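**Q** The primary structure of each chain is shown beneath.
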Amino acid sequence: MSALLEVKGLRVDIPLEAGILHAVRGVDIVVERGKTLALVGESGCGKSLSVLSVMDLLPQKAKWRADKIFFDGKNLNDADTSPMANIRGSKIAMIFQEPMTSLNPCYTIGNQLEEALLTHKQVSRKDARDRAVFLLEKVGITAAASRLRQYPHQLSGGLRQRVMIAMGLMCGPPLLIADEPTTALDVTIQAQILALLAAIQKEFDMGMILITHDLGVVARIADHVNIMYCGQVVESGSAIDLFNNPLHPYTQGLLRCIPIPGKTAPGAHLGSIPGMVPTPIGQQVGCVFQNRCEYVHDPCRSSIVEATRISDGREYNCLLTPEVCRTNMSKGLPK
Amino acid sequence: MLIYIGKRIVMALMVSVVVSFISFMILNLSGDPAIALAGADASPEEIQVIRVQYGLDRPVIVQYIEWIGRALQGNLGVSPYFNMPVKDLIGARIGVTLILGTCAFAFAILLAIPLGVVAAIRPNTWIDRTALTISVFGQALPNFFFGLLMIIFFGVILQWLPISGDDTWKHFIMPAVALGYYASPSLMRLTRTGMLEVLGSDYIRTARAKGLKTFSILFKHALRNAIIPVVSLGFVQFGYMLGGAFIIEYVFAINGIGFLAVQSIQRADLPVVQVIVLLLSVIYVSMTLVADIINAFLDPRIRAN
Chain A
1 MSALLEVKGL RVDIPLEAGI LHAVRGVDIV VERGKTLALV GESGCGKSLS VLSVMDLLPQ
61 KAKWRADKIF FDGKNLNDAD TSPMANIRGS KIAMIFQEPM TSLNPCYTIG NQLEEALLTH
121 KQVSRKDARD RAVFLLEKVG ITAAASRLRQ YPHQLSGGLR QRVMIAMGLM CGPPLLIADE
181 PTTALDVTIQ AQILALLAAI QKEFDMGMIL ITHDLGVVAR IADHVNIMYC GQVVESGSAI
241 DLFNNPLHPY TQGLLRCIPI PGKTAPGAHL GSIPGMVPTP IGQQVGCVFQ NRCEYVHDPC
301 RSSIVEATRI SDGREYNCLL TPEVCRTNMS KGLPK
Chain B
1001 MLIYIGKRIV MALMVSVVVS FISFMILNLS GDPAIALAGA DASPEEIQVI RVQYGLDRPV
1061 IVQYIEWIGR ALQGNLGVSP YFNMPVKDLI GARIGVTLIL GTCAFAFAIL LAIPLGVVAA
1121 IRPNTWIDRT ALTISVFGQA LPNFFFGLLM IIFFGVILQW LPISGDDTWK HFIMPAVALG
1181 YYASPSLMRL TRTGMLEVLG SDYIRTARAK GLKTFSILFK HALRNAIIPV VSLGFVQFGY
1241 MLGGAFIIEY VFAINGIGFL AVQSIQRADL PVVQVIVLLL SVIYVSMTLV ADIINAFLDP
1301 RIRAN
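Respectively, the protein sequence lines represent chains A and B.
Take the first sequence: its letter number 241 is residue 241 in the working numbering, and every next letter is one higher.
One gets the working numbering by counting positions in the second sequence from 1 and adding 1000 to each.
Bear in mind the hints are in silico, worked out from the structure with no lab data behind them.
This structure is a prediction, so every number in the text was calculated from the model and none was measured.
Treat the hints with caution; some may be incorrect.
Computed beta-carbon distance windows for the label pairs [stated by the list, open to error]:
| no. | chain 1 | residue 1 | chain 2 | residue 2 | range |
| --- | --- | --- | --- | --- | --- |
| 1 | A | Met-100 | B | Val-1018 | 36 to 42 Å |
| 2 | B | Leu-1233 | A | Ala-62 | 32 to 38 Å |
| 3 | B | Arg-1129 | A | Leu-16 | 19 to 25 Å |
Backbone N, C-alpha and C define an ideal beta-carbon position, used for all residues, glycine too.
Please construct the entire structure, taking both the sequences and the accompanying hints into account.
**A** Below, the structure written as structure tokens:
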């Protein structure tokens, strides 16, 4: 069976006065049915823009194109197939980073939940309301029926994010996109919301794209991981393999930043990646990570660095061989 | 909601009382009403007689309490110039003023809100620029001057519309347009700014992510949030159109409250002026009240406060 979502060669360009900002440069995204894909990377690496292009929700100024974009067996690049508006919300739902401002302050929770279903399906108001109550209970909101009459400002951030999740589920979409769903929440609430997303994803057997920069989250709930840097996927693979066997120097750098209970000595310095992300304006020659890489050598600055495929779904963008990469990781940083 | 409305009504009443008191005081300070009544060439003795006859020799505060007490019972005094009850003078003219103000308000809203919305949907395009041009003209042209231009063009040259009086609906077209056009630019710009801000907000992105139709996104989700400041400003301007159309009523010789006010000030017809000032303040206060209630209906966060 084909993948639920398959995007090849996605590019997003934003024209600025200083030149064209190539925010996303040839990204591939593959989500299998019922599996979770994590997009990981630091701010500005193009994670959010990638999924917003899939939803066709980019700001007007930004232009996107993809060599290939298939969802549920349909070619979305083909103008003849159903337009994105019919897929948005009904087949692909999205929840956002800012639960405090993502709900319309002027309408009740019930109105906004029911609307998500009534827009796409021919159902009665009562059925829509029943579905809303059912889903609010599913996402762990008590007294769901009375919540329908409440307004967003009467709910806490955690509750609003639960409402957003319930709203995403109204049409029973095969794919849920969560764009840093816990960044704006308290740490205790973060854990609850993530556990909820993982449970919901299993129960409804949805595919999920989780955007995050928290590797701990990824290790817990992702099946597959794309590590993104400066508008490119620099490494991808199954979560287990990628964590046990990181190949790209950037991935290795990220993993070194995480303290491991029992292994990291108290007071020891955590790893960090020196330097800053380059501004992706104009064309870049060579590897995107060359300015910050510990293992940079001359070819990195001039050659075209493309994805090296190791096995199905396991790729990395580095000129070093996998063996050298593995040795580098085990040896630690060069002095 | 009811508690909110109740509180607002009490506040509006208090504001009305304070405004009526201040305006009464200022009018009494601005000139000696007894001299105005007696005429410019009256002797000091005659003036003194008038002063006692009308109770103008007593403290102003006593006069105010007496005046407001009578006004609350429906007795608004008598105009010495017309020798008629002020109530009848106002009653005969308020209808015309209401029609003019309402037409002007409707014109302003129907021009400003659609233009503002369209300009916000397509910012920095020719539509936006056209809307900006229209609003710059409206803001820059004094309404009486625009009225005069229309009189020359539509009244004198083309002879499509009557240029003075208030006998038929045709008489109201030019004054309503002049009055409404002047008020529309600020409403339009406020609608545009509000819509631009709201269209960039997170909940509009949510609405788009839900796959809602463009119409629903614009009018159900965006406009309701963007319109709140427009309602506040719009009703203040409506108050201005209802009560402050002095010059326009004068230019088009419409026999309304504004026309009466201008004439009464010239004639120093103090009882009439006093009632008109009171009426204006009541109109402004009630328009603000109406705007507050509409906004509370639109946005639940306002009712919560």
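**Q** Failing hints, ascending?
**A** none
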